[in-house]
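All chains should be built: construct the whole structure from the sequences, respecting the hints.
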Amino acid sequence: MRVSLIMKFAVRTLGRSKRRTLLSAIGIGVGCAVALFITAFMRSGTEMRIQAIADSGFGHLRIAPSGWMKSRENKLRLSDWHAELQAARSMDGVRVAAPHARTTALLAFGTRVTGVEMLGVDPPAEEKLNRLIGAVQEGRYLRPGDRDVTVIGNAIAERLEVELEDDLFLTVVCEDGNMEYAMLRIVGIVNTGSRDIDASICHVALGDLERLTGLHGAGEITITLEDPSKIDQMAAQLSDQIGGRNEVLTWREIQPGQGADSASDKAFMNLFIGIVGVVVILGIASAQLTAILERKREFAVLMALGMKGFQIVRLVLLEAVALGLLGAAAGLALVTPLLYYTDTKGIDFGSALGGDMAVSGVLFDFVMYTQMGLWMIPYALSVALISTLIAALYPAWFAMKTDPTSALSLREA
Amino acid sequence: MENTLVEATDVKKDFYTGKITVNALRGLDLNVHKGDFLSIVGPSGSGKTTLLNLIGALDVATSGEVKVFGKDLSSLSRRKRADLRLKSLGFVFQAYNLVPVLTALENVEFVLELQGVGKERRERAQAVLEDLSLGELGDRRPNELSGGQQQRVAVARAVASRPRLVLADEPTANLDSENAKTLLEMMRYLRDEHDMTFVFSTHDPLVVSYASRVVTLRDGRVVSDEQKNSIAEDDEATVH
Ligand SMILES: Nc1ncnc2c1ncn2[C@@H]1O[C@H](COP(=O)(O)OP(=O)(O)OP(=O)(O)O)[C@@H](O)[C@H]1O
Ligand SMILES: [Mg+2]
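For the protein sequence lines, the chains are A and B, in the order given.
Quick note: the first sequence uses our numbering, first residue 11, plus one each step.
Quick note: the second sequence uses our numbering, first residue 1107, plus one each step.
Simulated from the structure, these hints should not be mistaken for laboratory data.
Mixed in with the good hints there might be a few duds.
Here are the computed lysine-lysine pairs in the DSS-like style, where the Cα-Cα straight-line distance is at most 27 Å [unchecked claim]:
no., chain 1, residue 1, chain 2, residue 2
1, B, Lys-1177, A, Lys-318
2, A, Lys-411, B, Lys-1193
3, A, Lys-306, B, Lys-1225
4, A, Lys-28, A, Lys-306
5, A, Lys-80, A, Lys-240
6, B, Lys-1193, A, Lys-18
7, B, Lys-1186, B, Lys-1140
8, B, Lys-1225, B, Lys-1186
9, B, Lys-1177, A, Lys-411
10, A, Lys-318, B, Lys-1225
11, A, Lys-240, A, Lys-276
12, A, Lys-18, A, Lys-28
13, A, Lys-306, B, Lys-1186
14, B, Lys-1125, B, Lys-1140
15, A, Lys-318, B, Lys-1186
16, A, Lys-306, A, Lys-411
17, B, Lys-1140, B, Lys-1177
18, B, Lys-1173, B, Lys-1193
19, B, Lys-1334, B, Lys-1173
20, A, Lys-306, B, Lys-1125
21, B, Lys-1193, B, Lys-1225
22, B, Lys-1140, B, Lys-1193
23, A, Lys-411, A, Lys-18
24, B, Lys-1118, B, Lys-1140
25, A, Lys-318, B, Lys-1173
26, B, Lys-1125, A, Lys-411
27, B, Lys-1173, B, Lys-1186
28, A, Lys-318, A, Lys-411
29, A, Lys-18, B, Lys-1225
30, B, Lys-1118, B, Lys-1173
31, A, Lys-318, B, Lys-1193
32, B, Lys-1140, B, Lys-1334
33, A, Lys-411, B, Lys-1118
34, B, Lys-1177, B, Lys-1118
35, A, Lys-411, B, Lys-1186
36, A, Lys-306, A, Lys-18
37, B, Lys-1193, B, Lys-1334
38, A, Lys-138, A, Lys-240
39, A, Lys-276, A, Lys-355
40, B, Lys-1173, A, Lys-411
Right, dumping it as structure tokens:
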């Protein structure tokens, strides 16, 4: 099939002022590259945030007692938690479902005292769920059948000046309002690298916690999924499954601060992409308009020959499409090496910031990655084409308005 | 009136530029007949280009009537006028007005594409070039052609759709006399062999000498209209 001449016309026009075309393509390319980079960064940022929350023991989803969302009260217990746990564990796509119960407790050793939020766990499930406790520095983690033993973070150990095998004196306020005392032997000390988090870890077996508090059952079931991109879908499915006795929450509700951070990051990045887009569009529009002005006479001749306004518009838009394709290619060429580097090596924010990156109990990695992939190609194409087409609208309209009489006279068109 | 292609009656054309009104045409009457090889002459500013713009449906008269092929142009929409130009009129402009990014052949082909000619447009364009002995120039871009060659390709483009009427505004203004002669002979060949009618404006006595009819304008009116035997009329000279 023969390519239509109007197509050739459009493509060859790009070769007419190579420098202008090159500059425009680089302009579009840079805009595209910025949008691609930010998007690649955000994609992996959200993913990493979700991962960090899940790895820190908060899961992707949580089954919580109805009403927990409002009060966030540790005393609430799930109704029929065994059935819920069973339901969650038997669902396809669920990696781990771990029951939890929490209570505030006072730990004492000798004359030193510290308050913690004690977590009752099912040890084998917890080991699979919570990456942080993989960092047992001394001793071991909890085992099934353990009684009156605990695993604590090393910041607590330091504060209380305790070592492995020491017995902690524990005080909790019971359900009936009385104080309950117990001795807990330290079987493991965890060092996650974050003092904040290490000052908050105090795990005991769920059975111990039930006995100490006099409250039976689990206060929540924390769930991680095989595929974190299916969180909302799985939440809905799980919600149907358990049928209203308890409620299903996602990480955004479990960690509302993180959810809000993620949403505001996204909004800010989109605003930034939008501003870059507007700048690029205005730049391309002015370059295109100059090009059209230089060709007024040519358009006048074409119209005198009988070319219609819509055909002129089509020509100018085709030129924009050709330019957009070049720009998309330039954008991909610019951003791919950068994304390759940041995807494989990551960007280390740790050395710059110093300290650790724990936010409300979630331990973040210092190294941020981007996420490259085939999504970049349609993304770059649509960003480049949409912006060049928008940029070409005014020049196209301008070209269409050419007065054809200016073809005959040598007067300015 | 089969043989009258253009009937201009009491045509006035005013241009408004800011506060000043220019009366470019002031009640002009002119008929163009089939087979005319008509030269419009007159001093600069007398309205030659303005008249060609009106006949060519590029512009509309302020008052009076311009009928082309029996149709009153003022009754046609912009789009209809574009159609008329595309299908029935040919234009040759003073400056070299080929599309610079298309080859000579593609320039001719482009008009055919605009007309909606499909597959055979390349063959037809090639045939037009060959008919005018321009076959070898087909692959060249305008900047690879001399001024005379460009102007001949422009004529080929103007006549590719076999228009009945071809308008040319000072077509030889930028040519030396050799190239001007070749161009004029080409145009006359087209008139004789393809029944085309030509109207061109000029300041060039050489062009006038080829004309079969000379209309003189002054201050936007026709001041003389003479039928004549062109000097080259009985030469056997053709472009072949
Ligand atoms: N678009 C326009 N706006 C204002 N005035 C115009 C316009 N077009 C033509 N004129 C005026 O109309 C008059 C006739 O112009 P026109 O171009 O038809 O003359 P011409 O005979 O073609 O002259 P030349 O031999 O120099 O080409 C001139 O006074 C010119 O200045
Ligand atoms: Mg003129």
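Would you pick out the hints that fail for this structure and give their numbers low to high?
3, 14 and 37
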